[in-house]
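Residue numbers (the UniProt record's numbering), protein chains in the order written: chain F, 1 to 460; chain S, 1 to 296.
Since the hints were made in silico from the structure, they are not lab data.
Among the hints, erroneous ones may be present.
[What the hints assert, rightly or not] Capping the alpha-carbon separation at 27 Å, the derived lysine-lysine pairs in BS3-like fashion look like this:
hint	chain 1	residue 1	chain 2	residue 2
1	F	Lys286	F	Lys413
2	S	Lys229	S	Lys295
3	S	Lys218	S	Lys291
4	F	Lys370	S	Lys216
5	F	Lys370	S	Lys218
6	S	Lys291	F	Lys366
7	F	Lys366	S	Lys216
8	F	Lys370	S	Lys224
9	S	Lys291	F	Lys413
10	F	Lys366	S	Lys224
11	S	Lys224	S	Lys40
12	F	Lys333	F	Lys270
13	S	Lys40	F	Lys270
14	F	Lys370	S	Lys11
15	F	Lys366	S	Lys229
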Amino acid sequence: MWKIRIIAFIILACGIGVGYFDYRSQVVPDSVFPFNLGLDLSGGAHLVYGADVSSISNSEIAESMGALRDVIERRVNLFGVSEPIVQVEQAGVFSSAEDKNTYRLIVELPGVTDINSAIQMIGATPTLEFKKERPKEEIEAFKVALENFQKAQEAGESIVPPQVLIDGPYDDTGLTGRFLERARLEFDQTTNEPIVSLKFNKEGSDLFASITKENVGKILAIYLDGTPISEPVVRQEITGGEAQISGSFTPAEAKTLVGRLNSGALPIDKLELLSTQTVGPSLGGKALSRGIMAGIWGIVVVAGFLIAWYRLPGFFAVIALGIYIAIVLALFKLIPVTLTAAGVAGFILSMGMAVDANILIFERMKEEMKAGNDLVRSVEDGFSRAWLSIRDGNLSSIISAVILFWFGTSLVKGFALTLGIGIMASMFSAIVITRTFLLAVAVGNNSRFVRFLFGSGFLK
Amino acid sequence: MTSMFVITYRKIFFAISGLFVLAAFAAIFFIGLNFGIDFKGGSILEVRYPGGRPDAAPVNQVISDLLIEALPVQPTEESGFIIRTRALEESERVALENGLSFDSAYPLEEVRFNSVGPTLGAELRSKAWVAIATVIMAIILFIAYVFRGVSEPVSSWGYGIVAVIALIHDVVIPTGIFAALGYEIDSLFVIAALAILGLSVNDTIVVFDRIRENLKNKIDRDFKIIVGKSLRQTFIRSINTSLTVVLVLLALYFFGPESTQHFALVLTLGMVFGTYSSIFLASPLLIVAEKWGKKK
């Protein structure tokens, strides 16, 4: 008796602890475990691209798509979005075999609603540029401007960066990836570091020779998609049209770079925008607050019904439901699950379903009591008899959730995941939590008052 | 008792269900389903004019001047419009929003924009069908497996097939109601339909489980009476469970985000008809299955 009461107390304490974790991790700024809100709740843009890979052999598609993702990711990062998501998805199974347009690239840009420039940047072809140092006085001007800008930033002032700063310390030379004949991965004979060797065409070779001749002792920076990837110093004039980029990259990075340089453009045939979705921040915020509202009202009405109908067991079911909610929310944070409006709906639905197991058990318990069993026995038997129904019923819902997850688009997946997690946590909550609480208070006395507390219905 | 009443007058309940299903099919075929843009392709643009909106007529004019096929614009509660068009390219969206601001005479704010190309729409549609078919197959197999020990007087496959008849009933009726109301059939609708499949089976399984238990305990020799008693024993549970789920769904409908309002409605309808079917359709159908078994 006392053992089960201690266990009940521990469960309650753990539940409160988990609830406190949910709360703390939400109110603390820069929390490690915030809720992950989907774009429809936080506002932002969701773009789906179809990648045409018809000229790429099957064995190389996965690699090309990986390279494509890296390229787009770099461009999106350049766009200054916080936590963008770029992922590859295969539509596969459901489209015809001839349709090679089955690889999808999904780009999510939280907080971005002006998608025009983002779309242009994503669709652009990559650029390889060689840039030379600006004249001394301009570099000095750049350094001064940079210093001023950093000082202003440290002081918390916001100033518009001057043009010198935007132009950067390097100037165009006219030599770009267009003049490249091929790129190759090599390794340094002595240091074994990976090197990307470049071979220019005739026109490019002449241009390269004249640029290196004019810039001996200076830096010739190599830019990819507008970001410097290597800043080597020119030692002498280079004729013959061959150059090497050695930087601090890993062999894998060097290999990707070579692949990209060779393909000249994106590592696939064509990137086509299939769908766009943008949600303004005001709409997203409203959806979120209404979702929370609906959740609170859902809890209130269900709790009211349970206590009114099932009395004391109903009260314990409400506590179990509270612990259930704390556990599920903590799982959402820890896994982490991206919450969309559909996901929130799935969670609210699972709250209603979580009660089902409790109801099954209580009804069974009541039958046992009617049959003349004492309270403890009725609780024990009620649980064991209801278990088969709970197991079979919930398994069928889990099967639906798994299939939904398997086939779904990201929207459907969010719902399936929240529903699936909800169902499993609800089985735990009914079978472990409610049962422990009921056994902890069930006393072997059959007085009318105790029977009233464990009875059900609005009357009697 | 209430439950024997269900068994005795089962033909009346079959007729009621049959009528509902027929009416639903009629609505689906004659009125047709109004597919959302995620299934047929197209764009939805919602804009808001913080400083008051222009009249609908010039807005429609702007859209047709841009040679964009569109439905008449629909005013929103928050001084804006919802504009449904064919799938727009990014450049067309920019041109449209410029046009809608009437040279900045009416500054506007984009509330949401959603565009789905036709290929993606067709793909999602076939995905939805495959998902529904797979769930139904999985459920028949699952029930046949769970009830594998039961062969008398109804085979375990009988239970599976009856459960599937009930769940088709539960999904078709809300679909018909949506067709009649002209509400959109979109991804969320399909999610709701699939969730109904799971919930409906859950409900039916609980009744079947009780029948199985009562069969094992041989509480009566007459299958009809066993079914009737099982129904009585699970009746309150069925109603109360549905009631709690419907309560949270109503909370979602009235207080939840607009985007999931129709979703809550489909699920509520599915729950109500699902509860009806597990009491008034599935269990009495088992008696029909038993009679067929005897004839053979």
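Verification of the hints:
| no. | hint | result |
| --- | --- | --- |
| 1 | F:Lys286 to F:Lys413 | 23 Å, holds |
| 2 | S:Lys229 to S:Lys295 | 24 Å, holds |
| 3 | S:Lys218 to S:Lys291 | 19 Å, holds |
| 4 | F:Lys370 to S:Lys216 | 21 Å, holds |
| 5 | F:Lys370 to S:Lys218 | 20 Å, holds |
| 6 | S:Lys291 to F:Lys366 | 34 Å, violated |
| 7 | F:Lys366 to S:Lys216 | 21 Å, holds |
| 8 | F:Lys370 to S:Lys224 | 24 Å, holds |
| 9 | S:Lys291 to F:Lys413 | 43 Å, violated |
| 10 | F:Lys366 to S:Lys224 | 25 Å, holds |
| 11 | S:Lys224 to S:Lys40 | 48 Å, violated |
| 12 | F:Lys333 to F:Lys270 | 37 Å, violated |
| 13 | S:Lys40 to F:Lys270 | 23 Å, holds |
| 14 | F:Lys370 to S:Lys11 | 33 Å, violated |
| 15 | F:Lys366 to S:Lys229 | 16 Å, holds |
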